[in-house]
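**Student:** Chains as they are written, first to last, in the numbering used here: chain W, 1 to 82; chain V, 1 to 502.
Keep in mind that the hints were calculated from the coordinates and are not lab data.
Warning: the hint list may mix true and false statements.
Computed Cβ-Cβ distance ranges for the label pairs, DEER-style [what the hints assert, rightly or not]:
(1) W:Gly23 <-> V:Gly196: 38 to 48 Å
(2) W:Leu72 <-> V:Arg221: 55 to 65 Å
(3) W:Val65 <-> V:Val15: 45 to 55 Å
(4) V:Gly461 <-> W:Ala71: 48 to 58 Å
(5) V:Pro252 <-> W:Val65: 28 to 38 Å
(6) V:Gly196 <-> W:Phe26: 51 to 61 Å
(7) V:Pro18 <-> W:Gly61: 20 to 30 Å
Covered stretches of chain V, as calculated for chain W (at least 3 residues, CB under 8 Å) [stated by the list, open to error]:
(8) 390 to 397
(9) 413 to 427
We put the beta carbon where it would ideally sit given N, CA and C, even for glycine.
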Amino acid sequence: MSEDSAESGDLIRMIVLGTLITGYIFLGYAIGLFWVTPIFALAHLIYTGQKWWVTAIITIGLTGVAYVFVALMNLDIVTGGL
Amino acid sequence: MVDLSVLFHAIETVVSWPGIALLALGVFIGIIGGGLPGVGGALTLAIATPFTLQMGDITAIIFLIGIYNGVMYGGSISAILFNVPGSASAAATTLEGYPMARVGRAVDALTISAVSSAIGDFLGGVAVLAILPVLVSIVLLFGTPEYFLVAVLGLSLIMVVSEGSFLKDAMAGGFGVMLATVGIAPMLPTQRYTFGQLGLHNGISFVAALIGIFAVSEMLRLSKQGGTISRGGDVDIGGSVRSGIRTVLSKPLTLIKSSIIGLLIGAVPGSGGSVSTFIAYGEAKRASNNPEKFGNGSEEGIIATESSNNATVSGSLIPTLTFGIPGSTTTAVLIGALMLHGIRPGPALFGAQINLTYSIFVSLVVCSLIIFALGLLVVRWAGYLTTVNTSVIIPIIIVLSVLGAFSLNSNYIDVFVVLALGIVGYFMESYDYSIVAFLLGLILGPIAEENLSRSLSLSNGSLDIFFATPLRLLLIVATVVIIVGPYLGPVLKQQLGSTSNA
């Protein structure tokens, strides 16, 4: 019984991640990956119950990475594809 | 005879700025990627490839070679410290490394691993540099019909890489070939499966497909696992660097023999580090004066697995660069990176672009020195690498994958490809469909199609062109042997056995 609940917990974690990735990509296509990147990171880190400072560092860091793509690689991830 | 001027030019390219810095950075990133279980070589390379777009061709490839080498060594860190191999090729190292760590000799084990990896790398790189001129003359014998036949030979290797159901692996290979047909046909102005989308005219981006198949599917799997990467708890990081170095240098025969095994097996497409390390391990145990120590923390075991593991890199680059046939999933990603920079594996790499080919193998030799230095530097704090929570790794990898895929062509279709193939890859792995077979189809399908069209144009549609020279006949025979061998072999053995009994 407990094994079953652990397995379903694992599966739910994976389904949540799959949904978050799908949302990240589709919403990114609609409004721009730059804006959705911190939302995706924040949502995943809060869902997995990380400490607030780990959540803050990773979210800010990944927003910085997205900014590097915009500033250094001249990628248009700010406006989206619609 | 080695072309010395080209060799010196390659050495200058690799050791001058920024080549040497990028090589060191690549090795460092590779060690981290290899040290994180589930990440591995193919995924680390796939994520790093889009970042090389701004680099020059040679520096980009040098950087990626550094990552490839770093991953091969990095995989041993978590194998030794936590009994969790960072990559499949480090699996054999767990057999001896973890027992050593358990008795407080982790630094010894990590040092032996670093020094053996460096020496394996060095010997592999030097050996390939020495045979490169011979390889050049062989590769230049190949024309369009030969390339078609080599691609078919490569596709037939699905039989060799097949570990479970052949039908499933053939389906995986066929799926790869099908995906490669998307876009405008190679010799005709015909659109295939583009559904009116301009972004699909150039076909599905190979690198985006790889990012999806490796990164997204692996993160979905890691999310099911949860928790931290290391599950064995704390390990005592004891031992000494000096004694580790002494141990390796006292076993020169094991080192050389294992490196040769790694080099030769690496050159067989579809095999790779996971095969060569176990063969080298078995041979070291067979030849050892203390075979009873194997399984309980034998230094010889680590020397054998790690030197063969890194020598595999040089070996696997031979079919990769000469014919575009990947020796492993990691070299499959490397082919994608080469193509991204407009470099087609084949005769051009041994003619007009010979500088690049020499630079790649010189990089391997220089990598050995970097791995030696970096490896010894990281042994004391390497354990921290494997205490990272998977929930922290997942958003980092996903964001880098998605942004990296978009940066390939500024095309959102590449991002959707990452998502779709990530899900497909997850189910393929879950239901034992070979990813290697899929990659063989994806890589070799278009090469076969293009060269078939060209050959038939040359011969006005006659198939006789494929039987015109002894080399082409040899390739056909090799393909037939690979396909029917697994079925005919046992029957022939049985026949021979019954004849000798009678």
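**Student:** Now look at each hint and say whether the structure bears it out.
**Tutor:** We went through each hint and held it up to the structure:
Taken as a hint, the range 38 to 48 Å is violated for the pair W:Gly23 and V:Gly196, whose Cβ atoms sit roughly 26 Å apart. Taking the beta carbon of each, W:Leu72 and V:Arg221 are about 32 Å apart, not inside 55 to 65 Å as hinted. Checked against the given bound of 45 to 55 Å, the beta carbons of W:Val65 and V:Val15, roughly 30 Å apart, lie outside it. Distance hint check: the CB atoms of V:Gly461 and W:Ala71 are about 54 Å apart, consistent with the given range 48 to 58 Å.
Our hint of 28 to 38 Å for V:Pro252 and W:Val65 is violated, since their Cβ atoms are close to 45 Å apart. Taking 51 to 61 Å as the suggested C-beta distance range, the pair V:Gly196 and W:Phe26 does not conform, at roughly 20 Å. Between V:Pro18 and W:Gly61 the C-beta distance comes to about 25 Å, which sits within the given range of 20 to 30 Å. Check result for the stretch 390 to 397 of chain V against chain W: holds, 5 residues qualifying (beta carbon to beta carbon below 8 Å, three or more required).
Chain W is given as covering the stretch 413 to 427 of chain V, and this holds because 6 residues of the stretch bring a CB closer than 8 Å to a CB of that chain, at least three being needed.
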